[in-house]
Amino acid sequence: MVKHRRIYLDNNATTSIDPEVWKVMKPYYLKNYGNPSSLHSMGQETRKVIEDSRKKIADFLHAKNPEEIIFTGGGTESDNMAILGTARKMKRENHGNHLITSNFEHAAVQNTFKHLIEEGFEVTEVPVDSEGIIHVEDIENAIRSNTILISVMYVNNEIGTIQPVEEIAALADSKGIIFHTDAVQAFGKIPINLSESKIHLLSASAHKIYGPKGLGLLYMRNKGTLPKIGQFIEPIIFGGGHEFGMRPSTENVPEILGFAKAVELAEKSWAEKEPERQKLLRDDFIKWVLENIPDSSLNGHPTKRMYNNIALRFKHIGGESLLLYLDKEGIEVSTGSACSSHFKGPSHVILALGLKNIGAKESLRISIGKSITKEDMEYTKIKLKECIARLRKISPLTN
Amino acid sequence: MPYNEKVMDYFLNPKNVGPIVNGGADAIGKIKSSDCEDLFKIYLKVKRMKNKDIISDIKFQTYGCAAAIASTSMVTVLAKGKTLEEAEKITKEDVAKALGGLPSEQMHCSNFGVDALREAIKNYRKAH
Chain A
1 MVKHRRIYLD
11 NNATTSIDPE
21 VWKVMKPYYL
31 KNYGNPSSLH
41 SMGQETRKVI
51 EDSRKKIADF
61 LHAKNPEEII
71 FTGGGTESDN
81 MAILGTARKM
91 KRENHGNHLI
101 TSNFEHAAVQ
111 NTFKHLIEEG
121 FEVTEVPVDS
131 EGIIHVEDIE
141 NAIRSNTILI
151 SVMYVNNEIG
161 TIQPVEEIAA
171 LADSKGIIFH
181 TDAVQAFGKI
191 PINLSESKIH
201 LLSASAHKIY
211 GPKGLGLLYM
221 RNKGTLPKIG
231 QFIEPIIFGG
241 GHEFGMRPST
251 ENVPEILGFA
261 KAVELAEKSW
271 AEKEPERQKL
281 LRDDFIKWVL
291 ENIPDSSLNG
301 HPTKRMYNNI
311 ALRFKHIGGE
321 SLLLYLDKEG
331 IEVSTGSACS
341 SHFKGPSHVI
351 LALGLKNIGA
361 KESLRISIGK
371 SITKEDMEYT
381 KIKLKECIAR
391 LRKISPLTN
Chain B
1 MPYNEKVMDY
11 FLNPKNVGPI
21 VNGGADAIGK
31 IKSSDCEDLF
41 KIYLKVKRMK
51 NKDIISDIKF
61 QTYGCAAAIA
71 STSMVTVLAK
81 GKTLEEAEKI
91 TKEDVAKALG
101 GLPSEQMHCS
111 NFGVDALREA
121 IKNYRKAH
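Residue numbers (our numbering), protein chains in the order written: chain A, 1 to 399; chain B, 1 to 128.
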């Protein structure tokens with residue numbers, strides 16, 4: 001029997017754990033499982049593991065103080081902490097009740113803002129342009145005297161477009177407005193230098209960069225304090241004093257260590273020009289598809305785009321159908337956000353680009369990873385073309 | 001996997017994919033779903049035998065999700081060789097049952113395949 005190959009091209013959804021990451025984590029499950037809050041030697045050792053990891057990640061981000069990094073249970077939790085914690089505290093202290101975000105954020109941000117509307121906040125959703133880029137002027141025009149928080153994603157999770165967050169952060173900071181960015185798709189891929197940035201809050205996650213699932217971080221500038229405003233964020237969950245009172249819960253020692261290791265490996269991969277290698281694969285694939293598959297188009301800006309993200313649209317066939325046909329050929333991709341592929345509605349990200357419902361259903365996301373070779377991409381090209389031809393035969397829209 | 005093996009088989013290797021080209025179809029039924037903009041098309045060839053109108057050939061084309069494609073293909077399998085009266089009585093439950101069940105949120109897909117078949121039969125009667 002012929003063994004089917006499997007090509008994993010859904011690295012924007014999640015990545016495998018790097019064996020080196022797993023290697024450093026394992027002893028902290030089996031041998032040194034001490035609670036970092038315990039005073040005995042095992043506890044003291046795990047406490048040191050956490051603080052060393054925090055320092056390593058803080059240095060990676062060029063944060064001023066390691067205590068500006070809070071470990072959380074994932075990107076979604078970080079987003080919730082940042083947005084709910086800031087909005088509620090700032091409103092209660094009468095700084096205002098107006099919030100600004102974009103109309104193509106990840107559900108973790110979008111639904112948190114929806115909840116805040118129910119709590120009585122006013123939210124302005126700034127639209128993106130047809131190439132999936134947010135304009136700083138549009139954010140500026142949305143600012144009111146009672147605006148307290150702006151949240152814009154660093155890189156879009158479905159179409160990979162890179163947003164001008166540093167400019168938006170500088171604008172917000174100059175007006176005394178807190179700025180948060182969901183950097184889950186950017187962290188570990190794009191160099192972020194917080195010593196030269198005006199970002200106040202930043203969310204990131206470990207499992208998008210070959211680290212463990214269920215671990216994220218929230219960066220809080222000056223531990224959530226600004227000179228003019230003072231303390232601008234409060235916790236959203238309550239318990240013991242872990243993570244400086246911001247995220248009470250016994251620390252996930254092995255995963256925190258794994259996150260730090262994943263960061264170290266990410267930095268190493270930059271030195272080895274891995275992003276450039278993936279970018280070449282990306283650009284070659286996009287060019288080939290647009291030239292060889294009729295009625296295909298690219299979603300999002302061609303160059304202001306994450307180096308491993310390929311977001312395409314094929315006329316007359318549903319993205320879900322194409323995904324399942326490719327899966328049968330051993331190629332694993334996504335229709336957009338992995339979080340929404342079981343939900344049948346068209347993607348709000350693609351709708352935000354100005355496409356009609358039907359176009360939003362015809363999208364496919366291919367995201368490259370470090371194990372993907374040139375040969376894998378060549379195989380994917382052939383299979384993609386075949387699957388599209390088969391599905392177009394079934395589609396009533398093609399004749 | 002939200003779909004069972006039979007649904008996946010009818011989706012990946014659908015039976016009776018259209019259109020009917022040779023000599024043309026005797027009637028076509030087209031339905032567009034209002035909520036998800038899926039499109040369902042059924043082509044009929046009808047033969048009169050012993051005073052009965054029999055579906056001698058039936059083909060389909062569908063734009064939509066796996067459940068939409070699999071259920072329209074199943075409609076054509078169930079209707080082939082039947083009289084128009086018998087075919088008209090095929091329900092969405094018959095289709096879902098023949099497919100071994102559909103995920104609840106996609107039950108409505110089987111509805112549209114059945115509607116397209118009924119539309120084709122209606123159009124045939126109008127013209128003949």
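The reader is advised that the hints may include incorrect statements.
As the list claims (entries may be wrong) - Below, computed lysine-lysine pairings styled on DSBU-like, alpha-carbon distance capped at 30 Å:
1) B/K47 <-> A/K381
2) A/K393 <-> B/K50
3) B/K6 <-> B/K97
4) B/K47 <-> A/K315
Unchecked claim - Coverage of chain B stretches by chain A, computed from C-beta distances (three or more under 8 Å per stretch; other residues unrestricted):
5) 55 to 63
6) 74 to 87
Hint data in this document are derived by calculation from the structure and do not stem from the laboratory.
Quick caveat, the model's predicted, so the values are computed rather than measured.
Glycine included, each C-beta is placed from N, C-alpha and C at the ideal position.
Verification of the supplied hints:
With a C-alpha separation of about 44 Å, the suggested pairing of B/K47 with A/K381 is violated against the 30 Å cut-off. Among the hinted pairs, A/K393 with B/K50 is inconsistent with the structure: their alpha-carbon atoms are about 35 Å apart, more than 30 Å. For the hint linking B/K6 to B/K97, the alpha-carbon distance of about 11 Å falls within 30 Å, and the restraint holds. A distance of roughly 36 Å separates the Cα atoms of B/K47 and A/K315; the hinted pair therefore is violated under the 30 Å criterion.
With a threshold of 8 Å between beta carbons, the proposed coverage of the region 55 to 63 of chain B by chain A holds, since 3 of its residues qualify and at least three are required. Coverage of the region 74 to 87 of chain B by chain A is violated in this model, with 0 residues showing a Cβ closer than 8 Å to a Cβ of that chain against a need of three.
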